Amino acid sequence: MRQASHLRGAAILGLWAGALMLYLSTVGIVLAFAERNTVTGVLTLGRVMLAVPPLAVGYVAARRIHAVGGPGSRLIGGTLAGAVGGGLLAIGLIIASAVDIREILVRVSSGLIDFVGFGQGAAIGAFLNIAFGAVLGLTGAALHAAPPRFRRPIVAGALGVVVMSMLEPFLRPRLQEFELGFLSRLLYESRGLSIASALVVFGIVAGAVVAWRPTRATVRRRLGAAGPEAQSTVRWASILVLILLLLSLPQLAGPLLSQVLVLVGLYVLLGLGLNIVVGYAGLLDLGYVAFYAVGSYLTALLTSPTSSLGWALPFWVALPIVVVGAAATGLFIGAPVLRLRGDYLAIVTLGFGEIARILFLSDALKPWFGGTQGILSVAPIFGVSAVDVPLLGWRLTGPTLTYYPLLLFCIVAAFVASRLKYSRTGRAWNAMREDEDVAEATGISTVNYKLLAFALGASVGCLGGAVFSTHLQSVFPGSFNILVSITVLAIVILGGMGSIPGVVVGALALIGLPELLREFAEFKLLVYGAVLVIMMLLRPEGLIPDYVRRRELHDEGTDPIAGTGAVGLPAGGGGAS
Amino acid sequence: MTDGRAQTAEPQPTAEVTGERMLLQARGVTKRFEGLVANREIDFDVPLHKIVSIIGPNGAGKTTFFNQLTGIYPPSAGTITFADVDIVGLAPHQVAELGVARTYQNIRLFQNMTVVANVLVGRHVRMRGQWYQAILGSAGTRSEERTALERARELLELCGLRRSVEHQLAKNLPYGDQRRLEVARALASEPKLVLLDEPTAGMNPGETRQMTDFIGRLRRDLQLTILLIEHDMKVVMGVSERITVLDYGEKIAEGTPAEIRANPRVIEAYLGKQAHTA
Numbered sequence: 001m002r003q004a005s006h007l008r009g010a011a012i013l014g015l016w017a018g019a020l021m022l023y024l025s026t027v028g029i030v031l032a033f034a035e036r037n038t039v040t041g042v043l044t045l046g047r048v049m050l051a052v053p054p055l056a057v058g059y060v061a062a063r064r065i066h067a068v069g070g071p072g073s074r075l076i077g078g079t080l081a082g083a084v085g086g087g088l089l090a091i092g093l094i095i096a097s098a099v100d101i102r103e104i105l106v107r108v109s110s111g112l113i114d115f116v117g118f119g120q121g122a123a124i125g126a127f128l129n130i131a132f133g134a135v136l137g138l139t140g141a142a143l144h145a146a147p148p149r150f151r152r153p154i155v156a157g158a159l160g161v162v163v164m165s166m167l168e169p170f171l172r173p174r175l176q177e178f179e180l181g182f183l184s185r186l187l188y189e190s191r192g193l194s195i196a197s198a199l200v201v202f203g204i205v206a207g208a209v210v211a212w213r214p215t216r217a218t219v220r221r222r223l224g225a226a227g228p229e230a231q232s233t234v235r236w237a238s239i240l241v242l243i244l245l246l247l248s249l250p251q252l253a254g255p256l257l258s259q260v261l262v263l264v265g266l267y268v269l270l271g272l273g274l275n276i277v278v279g280y281a282g283l284l285d286l287g288y289v290a291f292y293a294v295g296s297y298l299t300a301l302l303t304s305p306t307s308s309l310g311w312a313l314p315f316w317v318a319l320p321i322v323v324v325g326a327a328a329t330g331l332f333i334g335a336p337v338l339r340l341r342g343d344y345l346a347i348v349t350l351g352f353g354e355i356a357r358i359l360f361l362s363d364a365l366k367p368w369f370g371g372t373q374g375i376l377s378v379a380p381i382f383g384v385s386a387v388d389v390p391l392l393g394w395r396l397t398g399p400t401l402t403y404y405p406l407l408l409f410c411i412v413a414a415f416v417a418s419r420l421k422y423s424r425t426g427r428a429w430n431a432m433r434e435d436e437d438v439a440e441a442t443g444i445s446t447v448n449y450k451l452l453a454f455a456l457g458a459s460v461g462c463l464g465g466a467v468f469s470t471h472l473q474s475v476f477p478g479s480f481n482i483l484v485s486i487t488v489l490a491i492v493i494l495g496g497m498g499s500i501p502g503v504v505v506g507a508l509a510l511i512g513l514p515e516l517l518r519e520f521a522e523f524k525l526l527v528y529g530a531v532l533v534i535m536m537l538l539r540p541e542g543l544i545p546d547y548v549r550r551r552e553l554h555d556e557g558t559d560p561i562a563g564t565g566a567v568g569l570p571a572g573g574g575g576a577s
Numbered sequence: 001m002t003d004g005r006a007q008t009a010e011p012q013p014t015a016e017v018t019g020e021r022m023l024l025q026a027r028g029v030t031k032r033f034e035g036l037v038a039n040r041e042i043d044f045d046v047p048l049h050k051i052v053s054i055i056g057p058n059g060a061g062k063t064t065f066f067n068q069l070t071g072i073y074p075p076s077a078g079t080i081t082f083a084d085v086d087i088v089g090l091a092p093h094q095v096a097e098l099g100v101a102r103t104y105q106n107i108r109l110f111q112n113m114t115v116v117a118n119v120l121v122g123r124h125v126r127m128r129g130q131w132y133q134a135i136l137g138s139a140g141t142r143s144e145e146r147t148a149l150e151r152a153r154e155l156l157e158l159c160g161l162r163r164s165v166e167h168q169l170a171k172n173l174p175y176g177d178q179r180r181l182e183v184a185r186a187l188a189s190e191p192k193l194v195l196l197d198e199p200t201a202g203m204n205p206g207e208t209r210q211m212t213d214f215i216g217r218l219r220r221d222l223q224l225t226i227l228l229i230e231h232d233m234k235v236v237m238g239v240s241e242r243i244t245v246l247d248y249g250e251k252i253a254e255g256t257p258a259e260i261r262a263n264p265r266v267i268e269a270y271l272g273k274q275a276h277t278a
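Chains as they are written, first to last, in this note's numbering: chain A, 1 to 577; chain B, 1 to 278.
The shape of chain A in the complex, shown without the other chains (with noise of 0.2 Å):
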């Protein structure tokens, strides 16, 4: 009986992946990835992306079977979780082929057909997607099965290669940069891996896996008894490696992947902008794009010698004077929406970021901002466009030269918003986020925590905006949509309200990943959407919860036990404000 129930939990997690597969496959993403190699004659990342749905839904019928059934009962779950997902994928296979369902939906090609089907035609492609689904239902429920020390290096290393994989159209051109082709012509083949490379990937990652934890414990051993001065020895010393490792970061990435690094920057600097709105004080701003406009658009103003004031300031003399104007737009539009609370708000500053761009664009101010002719020749921001670095041989041009300042107002960013955080002023702003009239009646002045909040947020915001403009000498009301916002919002979401690490990680994934797979542009705010969804039904706290930091900042020795407690939980009150 108790079986039975088993069993039906478990296909219908099945079917999950069912829809999953089938969803991927007809909006086009699977054959998006099917021409990009993993392991060259073996493996397309397409085939990944089908693979990942049955395995995941294994591992997880098997967890949610552990707690009742014995170890057989978890593998036969995990093969059925998977035999029907790849079942449901070989159903819509066997209709596609059948009948022609391109008219309603487009992406069905017979390309596509052929490829879930591994080109061996209707019958024996769903045989085959059955046995695989069962193959990789099985091992999602071994992984389950199997002990933490084995399961951890085994999925670290096929990441790994998959990650090596993607990283082809980077690492190769800057491998035959550096001398080192031979490398390159040993680890890839016809734009993915080799088999032999692939294993060699696994093995190197496994192995760091491996050994990272006791490394590790014996590092933290060793410099537990140490003492105080060789521990600030070695905290300067990792500091100083990191700064090296982030100064010399253009010249190892070369210009392509310093443009994505540019990219990622700037939205780490508005992502930690709009971090102390929605993430410290918890006030929802969809219309965050307004301070990155406003920045661009006054720099612009200032620096180009073609804009209507005609000043061509320099881009540091211009740099205050565009603060202080985004600060003054933050109070702007802070206060009318200072009594609006929630989605209100949200409805409110949506609008509100819609109205500038639509100001910026409009005939009435084109003698300010040119309408849709922007504004052109925004001076480069230290005024000449290439930069020679004496000793070290650089030359710093484009990317590479935008990617340093830009560095440099992330770390000051970060540093604002990590001083800030645990001060009284971010304290006010926390109280407020979790319960504003409580927050007021103990004696905190809603009014100036909401307004200074704005001012802040759009003051770092702005930061990015300068340094958008001044990257590309020009603006264009064109960049300053909606989708902007959205998107720094779901990166703050992605990484975890509050959460200055998370600001990062959660750029990386939604700017830098995209980036790294160019197939993804077509299926970005798909995937965005997803992404949301998914944080905010299994980890609305984020990648990086902000608590967990807080607590390792605080380690007074509390127990770990009541630690571990309190990360289980999710900050269910703090996602939904």
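Treat the hints with caution; some may be incorrect.
[Unchecked claim] Taking lysine to aspartate or glutamate and the EDC-like style, the derived pairs with C-alpha atoms no more than 20 Å apart in a straight line are:
(1) B:K234 - B:E259
(2) B:K171 - A:E436
(3) B:K171 - A:D388
(4) B:K234 - B:E198
(5) B:K171 - A:D437
Since the hints were made in silico from the structure, they are not lab data.
Since the model is a prediction, treat every value here as computed from it, not as a measurement.
Got chain A; can you put chain B on it based on the hints?
Structure of chain B alone, referenced to chain A:
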């Protein structure tokens, strides 16, 4: 408004005669919500260093009255002075700054903040650090933070919360500890007057006794003035020196616990609501 002010002067002599100094005085406080009169012409005094209670059946207008004392909304008519300052028209945070702190009937902690951060927020009005000082890390702000943290820990201890919970999130505390934390947060602002809104709601008899003892101790040890709201008569009889009874928005009785117990109108309000016509 001017009428109300004139009235405030009136009871002053009686207060001087009895030798009591009044911390809070309300005169003719009336609150109307679109035709509904929630409070009608209430005169109410809280003497310094005393425990005063407001009781009354559910819906008697106790919380409405409380909310006017804390500035959440202004009275439709009448005056309220706290420590000789007219507080009508002040925002809640300004009233808090003057030295009024409160707890809530249904606990309202800052759920996703740590225990110690909740207490530190309570101390907000006694701290001066501005945002730019926090960014610059000025020495004054840092020492202020240190003092605040020490003080918060003392308060947690005073309220009976273990040191080990200070970095837990407030929402993860058991019910009784959440009540204690609310009191600690209120005390952190170094208030002159503490308003406790049904502090024993949801507690068993043992916890209730503990809480009433604690309230008595607060007054004795910290020289506080306490205003208590309760609808349970038994709770307030033990701790209060003076009780005011509200019913249908009006003050129907006032006096010592013994007087209140014997008052026929109070008995009527509590036992025979049908017979009572306001």
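Problem set entry | Hint check, failures only | Going through the list in order, the structure violates hint 3 alone and respects the others.
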